[in-house]
Amino acid sequence: MPPQTPPTAPQTPPPAGSVPKILLVEDEDYIRDLYKRQLDQAGLPTDAFATGAEGLNAIATNHYDLILLDIMLPDTNGLQILKEVKQNPATKATTVVLLTNLGQDVIIKEGFELGAEGYLIKASLTPNQVVQEVKNALAKKQTPAPTA
Amino acid sequence: MPAPKDSSVRTKTSLTTKTSLLFASIAAIPAIITTVLFLLSFGAQIKDSPMLLGLVLAINLIYISLASWAAARFLLRPILELYQASFYLKKGDFSHRLTIKTGDEIEEVADTFNLIAANLTQVFQRLNQERTVLVNQSSKAEAVLSTIPDAVIAVDLNRNINFFNKAAENLTGFSTIQVLGKPISSIFKIFDKKDEISPLTYCPISTTNSDSMLFSRENLELDSGQKQAFVNLTARQIKGGASHNLGCIMTLHDITREKQLEAMKMDFVSMAAHELRTPLTSIKGYLSVFVQENEHKFNPDQMMFLTRIGLSTQQLLNLVENLLNVSRVERGTFSVFRQPIDWIDLVKHSVNDLTNRAREKKITLQYVDSGIAHLSVEADKLKIVEVLNNLIANAINYTHSGGTIWVWVEVGNQEAITHIRDTGIGVPKQALPHLFSKFFRAHDKLEMIKGTGLGLYISKAIVELHHGKIWVQSEQGKGSVFSFSLPISNHNF
Chain A
1 MPPQTPPTAP QTPPPAGSVP KILLVEDEDY IRDLYKRQLD QAGLPTDAFA
51 TGAEGLNAIA TNHYDLILLD IMLPDTNGLQ ILKEVKQNPA TKATTVVLLT
101 NLGQDVIIKE GFELGAEGYL IKASLTPNQV VQEVKNALAK KQTPAPTA
Chain B
149 MPAPKDSSVR TKTSLTTKTS LLFASIAAIP AIITTVLFLL SFGAQIKDSP
199 MLLGLVLAIN LIYISLASWA AARFLLRPIL ELYQASFYLK KGDFSHRLTI
249 KTGDEIEEVA DTFNLIAANL TQVFQRLNQE RTVLVNQSSK AEAVLSTIPD
299 AVIAVDLNRN INFFNKAAEN LTGFSTIQVL GKPISSIFKI FDKKDEISPL
349 TYCPISTTNS DSMLFSRENL ELDSGQKQAF VNLTARQIKG GASHNLGCIM
399 TLHDITREKQ LEAMKMDFVS MAAHELRTPL TSIKGYLSVF VQENEHKFNP
449 DQMMFLTRIG LSTQQLLNLV ENLLNVSRVE RGTFSVFRQP IDWIDLVKHS
499 VNDLTNRARE KKITLQYVDS GIAHLSVEAD KLKIVEVLNN LIANAINYTH
549 SGGTIWVWVE VGNQEAITHI RDTGIGVPKQ ALPHLFSKFF RAHDKLEMIK
599 GTGLGLYISK AIVELHHGKI WVQSEQGKGS VFSFSLPISN HNF
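If you read the protein sequences in the order shown, they are chains A and B.
So for the first sequence, the numbering used here puts the first residue at 1; every next one is plus one.
So for the second sequence, the numbering used here puts the first residue at 149; every next one is plus one.
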């Protein structure tokens, strides 16, 4: 399924103080369900999808504050989606955190070059630690670092 | 003092004057004889008329002067023209041509002058053309050499650098001016895996001018202190170069990027590891959430069951990682990509990360400040952290509750040495020589063992690929000190 064309109207971010919305793109069913469960429970409503195409579709129709993006997806390379998100002016402010597993240093480096804000190693973190990392990333966004 | 007269004018006058006087003196003799005869014949009348005498004398003088001067001028003019033409030649102006048509030897000399001038003009024209061609060829060669993506380096018979192209500058981080004339060994080192290769091997120069010697090897590591890269190196002795003091010419093809991509490539073991990780991550994740949400419902015995399931899962995960790394080390596809990193910072970080784990066992884990604030080493951050964590985790695992672990860094000869000391159970003497080999475990006390015995083997491989060393000092029952060295980087933070 070809990726959707970006939205024509620029997306307006939700009013300040509203609940942050998360997008999770992860093809492993058990992991995806578990992360969504924990994020929802932590007060971070999450839309979860198993393929890159569904993910892009969601991005085109909804606003997200943070995207958890698996790199190894069945239909596409996670970095491709990252690129599209970061190149589209309507979505490039969205925080993108890559979900990886060990032994992918070169991909991680490339991810940062493409604009990813961070990465999480699935095998090293418990789901609750993942939730904490997401909260940290969102907090960083609210209070941007002081300019040098 | 008045300015000297233009020498040409002065000379011209003197030559003309000299010749005039010569003619005058020659002409004077018949003039005087004629006058004397005239006087003898008509002397009586003239004796009475001194005015007539004076007139005769005056006429003679005027005639002699004018005639001599005119004769001199007539004879000398072509010669003086030659003289002037010589000035043009002296100045380097070969365009001037003489037009002397006296029909005598002077005309011939003038023609020769013109011929010489014409020849010289041609010669200079040809030389200019040849020079333009050479300059063009030289800039063409330069343009080509500076656009070649491979580094091209030429050395003289003493292996001092005498040519260094733009790509070589990029590869080594040194500029041409910095390296010209310096021995190649002072600019960079070449390694094949962890063994250094001497310039005598990779830059072949022999005194016998027979078949040019060739060195060609792939997957070598270049370390210039400023930069590291993986290269394919081809070197050849320059045939007939001895007469021009040219020894050997090398091409270095940078394969760092290709190697990085290669390292990522999924071979069977990598794919297997990935497949194994997935369900293990699920088990770990679901168990962790389940325990956290239901802790209060379980009695200690039930908790112990769940805890052990969790620990075993973690062991499996570690084992998968270690097996993958061992496979890579064996197959030679394990590479480290080094960059300057702040070592002190990193060590402190690792100690921090493992402090909780130590605390769980009531072990004191501390970083001992040796007064070094920042230290820059060339290392692959992710991999070297693995080594550090492995050594500290081992120390925690093999130390009883209440023990202490110290971590500190000292600076040696161009290297940073990191020590991890514990008050644990130590290593028995017979186990010491086998400690860093595969699958060797010093003790069989199951409740203490969390590692798989692979950690030290991989740590050794990583440290050696960093061109460092790893070693241990230990006494059974007293504790151990594990140490490893890393080369210091020139980079300043």
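To be clear, the hints were calculated from the coordinates, so they are not data collected in a lab.
All of these numbers come straight from a predicted model, not from anything done at the bench.
Backbone N, C-alpha and C define an ideal beta-carbon position, used for all residues, glycine too.
Check the hints yourself; a few may be wrong.
[Said to hold, decoys possible] Covered stretches of chain A, as calculated for chain B (at least 3 residues, CB under 8 Å):
| # | region |
| --- | --- |
| 1 | 78-89 |
| 2 | 119-131 |
[Stated by the list, open to error] Below, a list of computed lysine-lysine pairs in the DSSO-like style, where the Cα atoms sit at most 30 Å apart:
| # | chain 1 | residue 1 | chain 2 | residue 2 |
| --- | --- | --- | --- | --- |
| 3 | B | K445 | A | K109 |
| 4 | B | K509 | B | K342 |
| 5 | B | K496 | B | K617 |
| 6 | B | K496 | A | K135 |
Item to check | Which numbered hints fail | outcome: 1, 3 and 4
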